Amino acid sequence: MNEDRRRLPARGDIAAVHLRGKVAAERFVAGRGFHVSVGWVPLLRAPDAAAPIDTELLFGETFHAYEVRNGWAWGQAESDGYVGYVREDALMAPAAA
1 MNEDRRRLPA RGDIAAVHLR GKVAAERFVA GRGFHVSVGW VPLLRAPDAA
51 APIDTELLFG ETFHAYEVRN GWAWGQAESD GYVGYVREDA LMAPAAA
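Those letters in the sequence shown? Residues 1 to 97, per our numbering, in order.
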């Protein structure tokens, strides 16, 4: 699979469930949708505030998190498909219908 790493929700240890059979990963997960709860937040290449920024998410945008750990969420932005890390405190679960 020759995809842009910025848009492929897969790492060696975890990948999106829809990629099962297409990429190698220790486990595949469905993920969970969140909304950005701050004005804007950078989507980073690593779980580190000093990591390079690939894109930014704006208030209300949807972020699909495949892993949330140690204050960071790793997942994919719905708007442009970019994959990376977002601060966990910048996200909120959508309101129940």
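It should be emphasised that the hints constitute simulated quantities derived from the structure, not laboratory data.
Computed from a prediction, not measured in an experiment: that's the story for all the values here.
Misleading hints may appear alongside valid ones.
What the hints assert, rightly or not - Quick list of the computed label-pair ranges, beta carbon to beta carbon:
(1) G60 - A24: 32 to 42 Å
(2) F59 - E26: 31 to 41 Å
(3) D13 - G81: 32 to 42 Å
(4) D80 - A30: 32 to 42 Å
(5) A46 - E26: 29 to 39 Å
(6) L19 - T62: 17 to 27 Å
(7) D13 - G71: 33 to 43 Å
(8) D4 - A95: 12 to 22 Å
(9) R5 - E56: 30 to 40 Å
(10) V23 - S79: 31 to 41 Å
(11) F59 - A24: 16 to 26 Å
(12) G39 - G12: 17 to 27 Å
(13) A95 - R5: 14 to 24 Å
Each residue gets a CB set at the ideal place from its N, CA and C atoms; glycine is no exception.
(request) Starting from the range 29 to 39 Å, see whether the pair A46 and E26 falls in it by beta-carbon distance. (result) 19 Å, violated
(message) Just to be sure I understand the hint, the distance between the Cβ atoms of G39 and G12 should be within 17 to 27 Å; is that true here?
(response) 34 Å, violated
(message) A range of 31 to 41 Å was offered for this pair. Does it hold for the Cβ distance of V23 and S79?
(response) 23 Å, violated
(request) Could you say whether the range 16 to 26 Å given as a hint is met by the Cβ separation of F59 and A24? (result) 36 Å, violated
(message) Is 12 to 22 Å respected by the C-beta to C-beta distance linking D4 and A95?
(response) 33 Å, violated
(request) Using the Cβ atoms, figure out if A95 sits within 14 to 24 Å of R5. (result) Given range 14 to 24 Å: violated, Cβ gap about 33 Å.
(request) Take a look at whether the Cβ-Cβ distance between D13 and G71 falls inside 33 to 43 Å. (result) 18 Å, violated
(request) Using the beta carbons of R5 and E56, state whether their distance is inside 30 to 40 Å or not. (result) 18 Å, violated
(message) Tell me if the beta carbons of D13 and G81 are separated by a distance inside 32 to 42 Å.
(response) With a Cβ separation near 21 Å, D13 and G81 fall outside 32 to 42 Å, so the hint is violated.
(request) Take a look at whether the Cβ-Cβ distance between G60 and A24 falls inside 32 to 42 Å. (result) 35 Å Cβ-Cβ, so the 32 to 42 Å window holds.
(request) Look at the Cβ atoms of F59 and E26 and judge whether their distance stays inside 31 to 41 Å. (result) 34 Å, holds
(message) Does the beta carbon distance between L19 and T62 stay inside 17 to 27 Å, or does it fall outside?
(response) Roughly 19 Å apart at Cβ, these two residues keep to the hinted range, so it holds.
The structure is inconsistent with the numbered hints 3, 4, 5, 7, 8, 9, 10, 11, 12, 13, although it conforms to all the rest.
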